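Student: Given chain A, work out where chain B should sit, using these hints.
So the sequence lines, in the order shown, correspond to chains A and B.
Residue numbers for the first sequence follow the working numbering, beginning at 1 and rising by one.
Residue numbers for the second sequence follow the working numbering, beginning at 1 and rising by one.
These are calculated hints, taken from the structure and not from any lab test.
Bear in mind the structure is a predicted one, so any value in this text is a computation, not a measurement.
Hints are supplied without guarantee of correctness; some may be wrong.
[As the list claims (entries may be wrong)] DEER-style ranges, computed between Cβ atoms:
#1 B:E231 with A:E205: 45 to 55 Å
#2 B:D262 with A:T150: 28 to 38 Å
#3 A:L193 with B:P7: 53 to 63 Å
#4 A:D198 with B:P66: 28 to 38 Å
#5 A:E205 with B:A14: 47 to 57 Å
#6 B:R198 with A:E205: 25 to 35 Å
#7 B:G219 with A:A23: 15 to 25 Å
#8 A:G86 with B:G220: 37 to 47 Å
#9 A:N189 with B:S363: 25 to 35 Å
#10 B:E194 with A:A35: 33 to 43 Å
#11 A:S105 with B:P366: 19 to 29 Å
A virtual CB, placed ideally from N, CA and C, is assigned to each residue, including glycine.
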Amino acid sequence: MRVMIVDDHPMWRDAVGRDLTEAGFEVVATVGEGAQALRIAGSVRPDVVVLDLQLPDVSGVDVTRGLVAANPDIRVLILSASGEHGDVLDAVKAGATGYMVKSASRAELIEAVRRTESGDAVFSPGLAGLVLGEFRRMAVSPDPNTPRLTEREAEVLRMVGTGLSYKQIAERLVLSHRTVQNHVQNTLNKLQLHNRVDLVRYAIEHGLDSAPD
Amino acid sequence: MTNLQAPLWRSIAAFRVASLAYAAILLALRRSIYTHWGWAWGVLAVMTVWTLATTLLYRAPLYTKPSWKTKVLLVADLLVTIAALLATELVQNPHSIKLGAMPVTATWLAGPALAWAVIGGVRAGAAAAIVIGACVVALRHLPAGQVLRSTDLDGPVVLLMAAMLAGYIAKLSSRAEQAMQRATEIVAASRERERLARTIHDSVLQVLAMVQRRGAEFGGPAAEIGRLAGEQEAALRALITADVSVLLPDGELDLAAQLSLDAQAFVSVIIPAAPVLLSERAVWETTAAVREAIDNVRKHCGENAHAWVLVDDEGAEVSVTIRDDGPGMPTERLAEAAAEGRLGVSHAITGRMRDIGGSADISSSPGVGTEVRLRVPRKIQANGQAALR
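Here chain A stands alone, though its shape is the one from the complex:
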């Protein structure tokens, strides 16, 4: 599996690169700038991008958007130190499927990259809280196209947010592990789809959909 690491801190680039290489991943590129990451992603073809949100040039959110736009199959895992809420939420809406803080252990990181690669969302409790909060915020909107959470999805998100593992949640709700995973995945898909629909609607309203002259 091919991994690209984008982080402006050489210390972290090396550490993450080493850990992932030792765990058997193929680290195809380690870069320190967002623009560079966007430029080479097409040629090095990573399956997973491990991305820091704080970059010196382009914001991590824009890098996520650019990577996903160029290749919808690419998986982006956010690995951030400060984890500023607005940025994390925007990155996830833009297409990132996972978020971890840097203080997570090596084992947790490796597990997260593995799960990201297989297409599963990697929800830390923090991300669950942000996604739940975003749905709560949208719930007051009168627009019928606004995505809503089902009771079950809200329940699952709240459990992830209080630090329960998928296994523990499955036991408590008498569901299969896979079903819990699907519920979490669904919330993320709804959010990303809504974000895309919003962008398209914005483009149409502002006449950005017509071909340039």
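Tutor: Just chain B now, with coordinates in the frame of chain A:
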């Protein structure tokens, strides 16, 4: 930055124009008290030209130390006005002057006193007012003893007060202006500092996270260093996330920001990106209840337990869930303990929540840990707040 001085100059200009019109009406109606009516119109023409000139010249921003040009203008203003005032002697009937008829300038003569006050403050305004007042009295040719007893002093005294008041207002407005400018500078500087701090904080967090991670891998004394770094990381992260713990105008606070200040290495505080606004009292009570729940985790579950605090803003109510990964206990035992009055902490928590119209539920089971769920309804809390007022 002349926003505050400009209205003062506008009102002085308006005053001069209105006074000029008043003087013209008086002159037109009371031809009989003038010996040289035509010349009096000449004086009025000079006053008209001077009104226009001062309106244009004084408009420049003058909130700093007056330049020599401004000083010349001020002196010229005073001299022109006094000349127009004293010209009354030449054009008006001496008998009418003695009886206290309005001079040709009428109320127009107050202009320079106000201008001096606005530029030079209370003392300069008073000085100009006294000079003009003295000329008004001198024009009367009264015997010295009679000056103090007559009503002729009324005009000059009112002028003196008006000038001093104008000076005072001008001083206040220029101080307000300076304060405003300083505030703007401070805001700009703190924005810049904040921007720099974000980058620095991120770098520090990177290093702390790295120390924590490596320390845990090495074990032994390094693990202790890693643990310390982890605590500092949690504290700094909390500080960054919670920069909005100020009271908002309508007496509300952000519960999420308040709670995130309580994050520690073993307590993760999970909050939404948007602020969770509740009344100040509800926020303090809920925060205190959460602290008690966390202390309880520390006490009963030992050093290695972890706790999560989840804030969920459901609109009609806000819920805060505190869960630990301690051993937990069967629900029957929880009920037993409550029945025996051994749940001191839970009583304190329930009491706090009830005070603000909310509730607290405690559930526990072996293997899952203990979960405390606090609920703060938004409507009842609003009523409670109204009752408190």
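Student: Indicate, hint by hint, whether the structure satisfies it.
Tutor: These are the hints, each one checked on the structure:
no. : hint                           : result
1   : B:E231 with A:E205: 45 to 55 Å : holds (49 Å)
2   : B:D262 with A:T150: 28 to 38 Å : holds (31 Å)
3   : A:L193 with B:P7: 53 to 63 Å   : holds (55 Å)
4   : A:D198 with B:P66: 28 to 38 Å  : violated (58 Å)
5   : A:E205 with B:A14: 47 to 57 Å  : holds (49 Å)
6   : B:R198 with A:E205: 25 to 35 Å : holds (33 Å)
7   : B:G219 with A:A23: 15 to 25 Å  : holds (20 Å)
8   : A:G86 with B:G220: 37 to 47 Å  : holds (39 Å)
9   : A:N189 with B:S363: 25 to 35 Å : holds (31 Å)
10  : B:E194 with A:A35: 33 to 43 Å  : violated (25 Å)
11  : A:S105 with B:P366: 19 to 29 Å : holds (26 Å)
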